[in-house]
Structure formats: C-alpha cells, structure tokens
Amino acid sequence: MLSALEGSQALAQAVGLCRPGVVAAYPITPQTHIVENISKLVADGRLRCELVSVESEFSAASVALGAAASGVRAYTASSSQGILLMAEVLYNISGMRIPMVMTCANRAVGAPLNIWNDQQDSMAVRDSGWIQLYCADNQEAVDTTIQAFRIAERTEVPVMVCVDGFVLTHTLEPIDLPTQEQVDRFLPPYHFSRALDSRNPLSLGTCVDPSFFTEARHSQHQAVLRATTEIMAADRDYAGIIGRSGGGLLSVVGPAEADVAILALGSVCSTVQESMQLFPQDRPVKLIKLRAYRPFPMAALREVLQGVRDLVVLERAIAPGSGGIVGMEVRSLATTLTQLPRIHNYAVGLGGRDVPIEIYPRLVEAITRADEPAWFEIFDLEPEKLPVEDR
Amino acid sequence: MVAAYLLASAAFEVGRYCQAFPNFGAERRGAPVMAFVRIDAKPILRRSQVRTPAFLIIQDPGLLNVAGVLDGLREGGGILVNSPRSSEELSGETGKAVVSFAAAQMALQMTGKPLANVALLSAFASLTGLLPREALIKALSARFKGDVLEKNLKLVDMAADQVPTESWKDITHALSA
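So the protein sequences, as listed, match chains A and B. Numbers given in our numbering equal positions in the first sequence, counted from 1, plus 14. Numbers given in our numbering equal positions in the second sequence, counted from 1, plus 856.
Derived from the structure by calculation, the hints contain no laboratory data. Treat each hint with caution, since some may be false.
To be verified - Selected chain B positions facing chain A (in silico; Cβ < 7 Å): (1) 861; (2) 864; (3) 868; (4) 875; (5) 876; (6) 878; (7) 901; (8) 902; (9) 903; (10) 905.
Said to hold, decoys possible - Computed far set for chain A versus chain B, every beta-carbon distance over 10 Å: (11) 194; (12) 195; (13) 233.
Said to hold, decoys possible - Only pairs whose alpha carbons sit at most 27 Å apart, straight line, appear in this in silico DSS-like list of lysine-lysine: (14) B:1007 to A:54; (15) B:994 to B:1025; (16) B:994 to A:54; (17) B:969 to A:54.
Note that the Cβ used here is the ideal one computed from N, Cα and C, for glycine as well.
Construct the entire structure; sequences and hints are all you get.
So, in structure tokens, the structure goes:
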C-alpha cells in the first residue's frame, strides 16, 4: 500500500515483511531509525523476532553472523564509523559464505567528524566480499531490501543495501510496501545448507593454510561474480509478483544512443534525473544508475557504454592519493571498449554538501569547456576557503 | 520536524506527491532546526535542499532575529510566525508581510503543552487553501491517538480561524512552479 513514510520507517517495515529471526544492532549513533522502528514492531507484537541490542557494531555483526550460521534469517544496520568497526566481521561473514543482509545508511567517515551523507563508509568495505546494491530513492531501498534476502540466500553471499543517510533515511515521501502475502510468495523461508546443528556437527571459519587459501578466495570471487545472475533473476521475479523493478544491475534514463553519459550511484541519481528534465541541453545525454557495484556488472556496463564519447563518473567518496574509486574501475573497464570515451571523474556532495538541482547543466558545461577530461576533481570544491598552498 | 512530516503526510492524503526532510543535523527538541517540505502534483525526484521556499513557517519568534532566516524566500512569498505579537508589528520590523498568531499559547491552553506545530499547520492550511481540514485530521490520526489526538483536533479547528482564510491562495498559485 502506498503511504507517506520516512525512509527508515519504511525500511524497518520491509525488513519485518521478510520475517527475520534475529536483528542485532548497536542502538546509538551512528545509527538510523531503522532498528528503532524494528524494535517498535517487535514490542507491538507485529514482528516475532529476537532483537539483540549490543554494545558495539562489531558485536552486532557477530551476533547476526552467529544467527545466520545457525539457520536463522539475520539482519543488521549501521553506517559510517560503525561500518568500519564491523569491517573484520564483514570479511568473516562473506569469507564463511554466510547469507545475511545489512543496510548501510551511507554516511561520511571521520575525521573530521561529520554525520552527513556520502558513501565513504560502504566504499571502505567494497572489497570485503559483500554484494553491494545502491538505491536511488526510498522505493528502491524498500524493494532492494526485500530482494537482498533472496539474493543472499540463493548465492550464500551477504548483501549490503546502501541507502544514502539522511537524504533517504530521514526523508518522508510516498512509498509502496508490498503485502505480506506478496513477500511470502517472493521470499521462501530461510534454509541454510550448512546451518550449525549439534546433531550434525561441522566447523565454520577454520584456519586455512596456503595450500587452500588461494582456492577459497577464488571460489569466493566466482560466487560474487555469479551473483550477477541472481540479482537479475530476483529483480525479474520481484517485478512479476510485486509489479515493480528494483533497478536491476543498472538502469538507463534518457536516450540509449546518447553519446554523453553520466554514471552515478545512489540518491544523487534522482537529483540528476530531475535536473536533466529541468535543464535540457543541446546534446542528448543519458544517466546510468549503477545499482550493483559488487558484483561489478562488467557486461551490462560495457553494453551501455558502447558508443559513449563523454562519460561523467560521479563519486560520493574519495581515495586520497589516488582519486575516484568508481571512476578508477569504470576507466579500467572502458579500456575494453572499441572506442575509449573521454572520462570525466568528479566527486560531489562529500560529507553532506548539498548537490544542487543545477548539477546537470553545470556538469555539461564543465565537460564541454574542458580541453582535457578531469582525471579526478572534487566538483563542488570551494577553493577560496583553503589556504593558497592547499588549493 | 514533526510539523514537516505532518504537512507532507496531509498533502499525501489529498493525492499530492510530497517530500519532507530535516536540514540534516543533530536535531533535538528545543534546538533551532530547519525542515523542508515539497508538495507537487507530479513525483518529486530532486533531493537537494530547498533554497528558495514559497512559504516560511517560523515556530519560534526569536528566530526572526537570527541573520539569514528570511533569506531565499521567493518574492511575494508568505511568512507565518508563532508569536503573541501582532502581524502588523512583525511585518513592520521585518519589512515583509508576516502573518502571526500565538500558536504555542493556544496549544498550551488546549493540550497542556506549548507546541506550536499543529496550530501553525492548521493556520497554514487555512491561509493557502492547499489542504482541506480532513487531510490534516487524517495525518494527525496516523500519528496520534486518544486524548492527545482529540485535543489536537480541537486545536486544528481553533487555529484555522486565527488567520484570514485563503488570503495566501494567490501566492500559492503564483509560486507553485
């Protein structure tokens, strides 16, 4: 049913519809209202679930790991420094191939201390072996959360649903939640083939020496790559039952044949999309909304980048000393195209800096003006705020 | 923040698209906060901050003295203030057309708490003609129950008469771009 809901509230209900057995979370900053709302669902008797309030994000991830390993559907949520505190456990979860879901309410990582939205936190754990799906709006966040459980359980690869903090989590807007019956049809009860069971003992996470570690990594890498198929299948089946796609591996807005493209992840896509409607330009431009970042959808990307002459890659994070994170990967993929586009790599909206509605014409102006494409620049930098030597 | 969510929810109740969000920060009751609402007949995609609002609702008259609070308001836009002082006085001081009434005082009498939210929203609905009373009631009913709801519904009726009905209707049409 379509209702006006705050993002966090909708996400809590979406998680509830997936009938988790255990939700573990650190209830204090950096946290969103998601787990607060889940705890209300539990307290009101609307969700039968063990809610474990723990003393740190490290423990939150560990409790969820243990629950999922014992055959119970598990969920957690965090952001920013909380994700970093989980980092060790995130590698354990994915390395042991434990299916579970977490929401990363994307926020900046300190120092300087900053509670606002960018995507540095999830980017910091992009190589942890988790599937990462980025959501452009709260509807996508709800749909992706529900799909995430099925993707995780079919692939035995954990899924991180990346939802821009505040910009989505704290925004109230019309959101449609599927019915329990629909979600039950889409998402069968959790069954884990290697569930811990005292009658049939087995060890998880044992020491693997050099004679097998390489193979373990290879098999994990293949599993995440293969998840591409399951992400598409989950979205297709979801659309069949609920009547709406969550955004596939990626989606394109605008003319497919446009030779200028803007590639972005998360809620900035929405602003760019409206900006494109408001400020039409002479050259046709398309927006590539990258939903799956891990696995990196190489084939799908190659297809939409074919024939593109100018490509803007927008980042909400930065690799200091190198530059763009997504841009680096897209640039490497682009070398396999028959025609290498000019790639303009910009970071925007770091630490919550507003991405204004004029973003699109400004980007088009910048790439038209540039003799050489920007290898990497912070697009909305205000250099006059810095001492001359730092500009 | 609650006022923004309520206003957006009320707009949703009459079939509008809506968006409400805080000026993200460490919000707590009593501290100065900004929250924004967008209402439209078509889906709202943009996630940028509201820089040039058509209307300003100011819950604490002290904020009128804070530099920049009125900046960005569109030419001819409306300002609604919770204040025991008169509209004429405040308009004179700010140099802009201000509509004022003692919303918090009225709330204190009706509900026992000096929270200007609901009274201001009712006045806003009445000034703009944007939202029928029923929409506000639906939004309130989704958030409050029992005695608190009853008292707030009475507050809605009382506050609606405190301002000139639909006197902002033209602004609403002119600035809804």
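Tell me, which hint numbers fail for this structure? Those not satisfied: there are none.
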